[in-house]
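**Q** The lines below spell out each chain.
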Amino acid sequence: MRYLWRVVTFEQKNFNLSEIEFNELRDKLVNGDQHLFEHIFLQHFQKCMDYVIREDKAEDDVAYDATMDAFLSFRMKLVQGKVNYGNLRFLLTRMARQHYYKRAKKENTLDLDLIQHQVADEDFTNNADVMELLQRGWSTLGEKCKHLLHSFYYLGQPLKSIAARTNRKPDALRKQKQRCVDQLRGVVLVK
Amino acid sequence: MTEKLEDPNLSEEDKDAIVGAFVRHQENERLRKHWETLLKEKHQVSRKATPPKRSATLRKLFLPVLAIAATLLLLLVFLPDLMAKNGEQMLAANLSEISIEGVRSESTTTVDSLRDQVRTTYLAGDFSTAATTGERLLSLPSASTEDQLNLGVAHLRAGNYAQASQYFTGLIDPPGNFTTEARYYLGLSLLSSGNTKAGLEELQKIRETDGGSIYQKAQALIDASW
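Chains A and B, in that order, give the protein sequences.
Numbering of the first sequence is given in my numbering, commencing with residue 1 and proceeding in unit increments.
Numbering of the second sequence is given in my numbering, commencing with residue 1 and proceeding in unit increments.
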């Protein structure tokens with residue numbers, strides 16, 4: 001007789017998601033529907049936070065913020081197709097610990113094996129002056145520009161698929177995106 | 001950084017990096033607030049502020065002052081009696097009033113500690129101890145269905161097929177999060193105890209829609225020569 005004994009099954013390691021369901025979840029996120037993501041993942045928030053508190057002796061509020069950072073970052077990396085199916089539960093807890101180290105200014109020694117091409121956003125989001133200037137620029141944009149930039153940068157939708165969905169030509173959409181970006185920066189230039 | 005933003009010759013790649021990071025940051029902050037509300041309302045998880053740390057001087061003084069206060073309190077309470085009675089008898093009488101059983105309550109640490117013990121002993125191959133510890137864990141009110149599944153698996157590895165089957169059956173009816181896994185392990189338990197027909201019947205109830213991986217494992221067992 002051949003047995004595969006495991007205390008934790010493969011699906012459990014992946015929040016009870018099969019690989020097919022995992023891919024469906026990613027498609028939903030890219031299409032702007034995050035209800036399923038919230039339904040599956042937010043119920044694990046407490047466990048993940050408790051893990052950071054236990055493993056790193058983190059303070060409650062820092063552990064909460066670090067776990068929230070990890071969930072946001074995890075969602076973004078899913079959208080960008082940078083997370084591989086394998087052991088998502090393990091990955092999420094490691095990400096939470098990594099964010100904790102960043103917040104608590106401790107040395108990080110954890111690798112995130114399931115994340116491809118780890119390139120962080122340039123960390124100017126902590127620069128209040130820059131953020132204020134960009135925020136001013138953003139408030140001058142029309143709804144179409146905001147929607148386009150949101151779809152492209154946040155949902156990770158390629159321009160081709162946005163063009164197909166909105167019955168536009170990809171080249172025209174590319175030019176519109178450039179104009180939106182320049183308008184945002186244009187306000188910055190005349191501050 | 002603002003100089004970079006103002007650069008008229010900024011490349012498209014740099015523009016994408018700056019605007020992309022800004023949009024992602026802005027939307028993440030919006031989502032953070034939304035999730036904070038969801039976590040609070042649907043999952044009863046909220047951000048608890050850590051109390052401010054005492055100043056260094058206060059911290060240094062805190063323990064000595066506490067020690068002195070405790071000593072004085074003990075002297076006030078016990079000294080008259082110690083002088084009047086046989087000290088040993090009096091201490092015994094007072095200590096006997098403290099019942100650990102009476103004051104102990106289930107804490108997260110206890111549950112987590114037992115879970116760690118189950119896992120450690122299981123991984124060390126000591127399945128009987130894992131099962132015994134799992135029984136203790138399952139008697140606690142906050143034990144989960146996952147704990148029940150793990151206990152069943154520990155019994156199974158320890159060769160206690162009747163107990164294992166009992167815990168797996170409890171997860172199948174009523175159905176819950178681990179019904180499929182329980183059915184798979186129940187099938188294994190029945191097969192291991194020699195009840196091949198019933199074991200295969202259980203495994204055949206697992207459908208592809210229950211999860212690709214577990215379905216394949218069940219099929220592999222069904223297809224094996226029995």
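Rather than coming from a laboratory, the hints here were simulated on the basis of the structure.
Every residue gets a Cβ at the ideal spot worked out from N, C-alpha and C, and that includes glycine.
A couple of the hints might just be wrong.
[What the hints assert, rightly or not] Cross-link-like lysine-lysine pairs, in silico, DSSO-like; alpha carbons within 30 angstroms at most:
(1) 160/A - 42/B
(2) 160/A - 146/A
(3) 105/A - 205/B
(4) 40/B - 57/A
(5) 13/A - 60/B
(6) 57/A - 48/B
(7) 15/B - 47/A
(8) 144/A - 57/A
(9) 197/B - 105/A
(10) 105/A - 57/A
(11) 40/B - 77/A
(12) 33/B - 102/A
(13) 40/B - 105/A
(14) 42/B - 28/A
(15) 15/B - 28/A
(16) 197/B - 47/A
(17) 13/A - 15/B
(18) 146/A - 82/A
(19) 60/B - 77/A
(20) 175/A - 47/A
(21) 15/B - 144/A
(22) 15/B - 40/B
(23) 102/A - 197/B
(24) 144/A - 205/B
(25) 40/B - 13/A
(26) 102/A - 48/B
(27) 28/A - 105/A
(28) 144/A - 105/A
(29) 82/A - 33/B
(30) 60/B - 146/A
(31) 15/B - 175/A
(32) 47/A - 160/A
[Claimed, not checked] Listed next, with one range per pair, are the computed distances between beta-carbon atoms:
(33) 136/A - 33/B: 54 to 60 angstroms
(34) 166/B - 164/A: 19 to 25 angstroms
(35) 27/A - 169/B: 36 to 42 angstroms
(36) 166/A - 144/B: 30 to 36 angstroms
**Q** Against this structure, judge whether each hint is valid.
**A** These are the hints, each one checked on the structure:
no.	hint	in the structure
1	160/A - 42/B	violated (38 angstroms)
2	160/A - 146/A	holds (18 angstroms)
3	105/A - 205/B	violated (52 angstroms)
4	40/B - 57/A	holds (23 angstroms)
5	13/A - 60/B	violated (46 angstroms)
6	57/A - 48/B	holds (15 angstroms)
7	15/B - 47/A	violated (39 angstroms)
8	144/A - 57/A	violated (46 angstroms)
9	197/B - 105/A	violated (59 angstroms)
10	105/A - 57/A	holds (14 angstroms)
11	40/B - 77/A	holds (25 angstroms)
12	33/B - 102/A	holds (21 angstroms)
13	40/B - 105/A	holds (27 angstroms)
14	42/B - 28/A	holds (22 angstroms)
15	15/B - 28/A	holds (28 angstroms)
16	197/B - 47/A	violated (40 angstroms)
17	13/A - 15/B	violated (39 angstroms)
18	146/A - 82/A	holds (25 angstroms)
19	60/B - 77/A	violated (46 angstroms)
20	175/A - 47/A	violated (46 angstroms)
21	15/B - 144/A	holds (19 angstroms)
22	15/B - 40/B	violated (37 angstroms)
23	102/A - 197/B	violated (56 angstroms)
24	144/A - 205/B	violated (52 angstroms)
25	40/B - 13/A	holds (25 angstroms)
26	102/A - 48/B	holds (20 angstroms)
27	28/A - 105/A	violated (35 angstroms)
28	144/A - 105/A	violated (40 angstroms)
29	82/A - 33/B	holds (25 angstroms)
30	60/B - 146/A	violated (55 angstroms)
31	15/B - 175/A	holds (14 angstroms)
32	47/A - 160/A	violated (40 angstroms)
33	136/A - 33/B: 54 to 60 angstroms	violated (21 angstroms)
34	166/B - 164/A: 19 to 25 angstroms	violated (56 angstroms)
35	27/A - 169/B: 36 to 42 angstroms	holds (37 angstroms)
36	166/A - 144/B: 30 to 36 angstroms	violated (46 angstroms)
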